[in-house]
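Q: Given chain A's structure and the hints, the job is docking chain B onto it.
Chains A and B, in that order, are what the protein sequence lines are.
My numbering puts the first residue of the first sequence at 1, with every later residue one more than the last.
My numbering puts the first residue of the second sequence at 1, with every later residue one more than the last.
Please note that a few of the clues may not be correct.
[Unchecked claim] With the C-beta cut set under 7 Å, the calculated list includes, among others, these residues of chain A facing chain B:
| # | residue |
| --- | --- |
| 1 | 45 |
| 2 | 86 |
| 3 | 98 |
None of these hints come from the bench; they were simulated from the model.
Every residue, glycine too, gets a C-beta built ideally from N, C-alpha and C.
Residues per chain, in single letters:
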Amino acid sequence: GIQVEQSPPDLILQEGANSTLRCNFSDSVNNLQWFHQNPWGQLINLFYIPSGTKQNGRLSATTVATERYSLLYISSSQTTDSGVYFCEGASGTYKYIFGTGTRLKVLA
Amino acid sequence: DAGVTQSPTHLIKTRGQQVTLRCSPKSGHDTVSWYQQALGQGPQFIFQYYEEEERQRGNFPDRFSGHQFPNYSSELNVNALLLGDSALYLCASSLSRRGPDTQYFGPGTRLTVL
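Bound-form chain A, shown alone:
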């Protein structure tokens, strides 16, 4: 089956720093999304981005479907950005696959 690899697996930043998280797919996927999971387990949808670039405040994302990767940019990081970031795609149309996750800790 399709493998979804995220890098880096762990990241520690000082408040105010910028970062780039990457999501690589072993095969074509549809419906790519990025999520943030907070320490209480709640998954928050950040972007639905099957292709192209989107921005939302300090966050932006780019998906290059033809090269099977997506990037999530976090600028001016804050302590509330801490948690685990997941990308998710769909194999075929509706068989969803989550990535391995990037655990982010932002220090004050």
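A: Leaving out everything else, chain B in the frame of chain A:
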């Protein structure tokens, strides 16, 4: 506008028992997907329900079954519980009428099997 809700919040069962988890989708959504998240892992797709039928299924045994009701709410049933079924069970809703779309997740049900 209520988001995705799940019940119960926590549940403790013993091996061999059966469990039913419930999910109410976000208002206006017609599709419900279920995921299992073991500690320290990413969520694993169990199955998706649309128009009261299972539309897609992940790599889970038949002990995992589900149902979707006419009001779009859904249940996840797990039979013959194993210790390895201990996990956070997440429900996500979306709107399929226009094709694949953004998923919204509920807070989850934490199941412990003793």
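Q: Each hint needs a verdict: does it hold in this structure or not?
A: Going down the list of hints, with the structure as the test:
1. Using the Cβ-Cβ criterion of 7 Å, the hint placing residue 45 of chain A at the interface with chain B is satisfied: the shortest such distance is roughly 6 Å.
2. Hint status for residue 86 of chain A relative to chain B: holds, with the closest Cβ pair at about 6 Å, below 7 Å.
3. Below 7 Å, beta-carbon pairs count as interface contacts, and residue 98 of chain A has one with chain B at about 4 Å; its hint therefore holds.
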